[in-house]
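Asks: So you can see what is in the structure, the chains are spelled out below.
Protein chains: 2
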Amino acid sequence: MDTTVNKIGTYSFVAEPFHVDFSGKLTLGVLGNHLLNCAGFHAEERGFGMATLNEQHYTWVLSRLAIEVEEMPHQYEPFTIQTWVENVYRLFTDRNFAILNKEGKAIGYARSVWAMISMEDRKPIDLLTLHGGNIAEYICDKPCPIDKPGRIKVSTQEPVALHQAKYSDIDVNGHVNSIKYIEHILDLFPLERFRQQSVRRFEMAYVAESYYGDTLSFYQESKDGNEQDIEVRKNGAEVVVRSKVIFV
Amino acid sequence: MDTTVNKIGTYSFVAEPFHVDFSGKLTLGVLGNHLLNCAGFHAEERGFGMATLNEQHYTWVLSRLAIEVEEMPHQYEPFTIQTWVENVYRLFTDRNFAILNKEGKAIGYARSVWAMISMEDRKPIDLLTLHGGNIAEYICDKPCPIDKPGRIKVSTQEPVALHQAKYSDIDVNGHVNSIKYIEHILDLFPLERFRQQSVRRFEMAYVAESYYGDTLSFYQESKDGNEQDIEVRKNGAEVVVRSKVIFV
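Which chain is which? The protein sequence lines are P and A, in order. Per the working numbering, the first sequence starts with residue 4, numbered consecutively. Per the working numbering, the second sequence starts with residue 4, numbered consecutively.
In short, the hints are calculated from the structure, not lab data. Treat the hints with care, as some may be off.
For identical chains, the list gives no copy identity; a pair is met inside one copy or between any two copies.
Below are the BS3-like pairs computed for lysine-lysine, each with C-alpha atoms no more than 27 Å apart in a straight line [unchecked claim]:
#	residue 1	residue 2
1	226	169
2	237	169
3	10	226
Kindly generate the complete structure, drawing on both the sequences and the hints.
Replies: What follows is the structure, given as structure tokens:
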């Protein structure tokens with residue numbers, strides 16, 4: 004039991020005033036940011052963080068993210084994020100999260116899938132042989148009771164919105180940052196929708212990078228009314244990200 | 004001396020990976036968010052915070068913000084924000100800030116001007132009589148060696164950009180949030196400008212509120228090449244905010 008507890012990183016937050024939406028609930032973009040930060044803290048504490056990896060010219064690349072939340076923290080409410088490694092494969096690792104409210108009750112879970120690449124040739128690194136294979140020592144069997152990220156397929160050829168990538172979209176790697184895509188995708192929906200419904204599940208598949216000045220086009224398809232699939236392409240061609248938003 | 008120290012609130016941060024721009028430096032929007040949070044923490048600790056005020060149906064309204072930074076914190080660097088009250092007038096109070104790097108050296112300062120209004124009739128509250136005048140006990144004479152916010156005047160009638168206010172722009176009061184204006188204003192400038200120059204000083208004057216669906220038009224005027232004045236109007240009419248950006 005003790006070893007399980009040691010494998011879980013626990014980090015505390017408060018829902019800040021500029022991090023909540025019109026309804027006073029934490030935004031999904033901010034929650035995503037916190038999740039990715041927790042992944043970073045947890046990995047760094049175990050010798051697999053960006054700072055350490057960058058010295059070796061390796062870097063983590065986020066491939067998939069799925070978040071399910073029953074009740075978002077409200078403005079000024081403290082909350083906690085737990086994170087742990089579920090699996091390590093040759094080319095990917097699964098990292099899961101639990102989001103706990105101030106009473107310690109799980110109000111949501113998240114799943115993420117990561118690859119590691121060389122910063123020199125962008126080729127994937129074999130995770131099972133890295134550091135003599137010791138990344139596998141961190142695997143933890145804590146349950147994460149939400150579905151794995153699924154396949155997202157959008158066939159419409161008519162974009163619903165365009166956005167040219169600007170200064171504030173770009174991260175330190177020169178790419179549109181993972182969190183900004185979440186904001187832009189949620190901005191496809193009218194405010195009224197968020198008044199009547201909540202986002203129960205949100206999935207992102209990061210397929211390719213986009214850059215400053217790229218024109219992002221957003222293609223949207225309703226599966227049933229509550230399930231919305233979105234594909235973002237750059238400059239009318241290559242798919243950059245796919246997303247699924249499930250409202251309840 | 005001891006009483007001066009007690010009047011200053013000190014809060015610690017780290018420049019998170021998704022809070023830095025393409026050059027690895029903390030964004031001005033995130034710094035602005037931290038400043039406003041620190042104002043909130045400091046006021047709350049002294050019985051003048053939003054949570055306490057809202058019970059009395061009063062609220063703080065940010066009127067002016069001026070930030071000067073010599074060297075922004077870089078990704079993963081810890082930094083500290085100090086805040087204190089410089090003046091209390093009948094209708095406004097001046098709150099200042101110092102931004103310290105990890106060695107404790109001041110790397111920037113900020114000034115803000117706030118009013119308090121009744122949430123029922125939106126009328127201003129007399130700060131000098133509030134709580135028996137005890138807000139004045141927090142006045143502190145720590146120096147803030149940057150200019151006060153000045154007058155900003157834009158006369159061009161030709162907007163350089165339009166933005167329709169979306170879900171992620173809107174805060175819990177139903178207004179476009181103070182930080183989002185900062186992001187949208189900086190997004191008027193090409194990335195190349197931020198590669199060659201830094202923002203040395205940034206000023207915001209919050210004049211009126213804008214709402215979901217409002218079309219914001221951005222009018223921009225170059226004073227000399229390095230000093231840029233911006234005015235944002237809603238729906239082609241009323242001025243919402245004015246801003247001055249000084250590059251070096």
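Asks: Give a verdict on every hint.
Replies: Results of checking the hints against the structure:
1. With identical chains, the CA atoms of residue 226 and residue 169 are at most 27 Å apart between copies only, with a shortest distance of 23 Å across copies and 31 Å within one.
2. Taking the closest pair of Cα atoms, residue 237 and residue 169 come within 27 Å of each other both inside a single copy (13 Å) and across two copies (21 Å).
3. Taking the shortest alpha-carbon separations for residue 10 and residue 226, neither the intra-copy value of 38 Å nor the inter-copy value of 57 Å comes in at or below 27 Å.
The structure fails to meet hint 3 from the earlier list, while all remaining hints are met.
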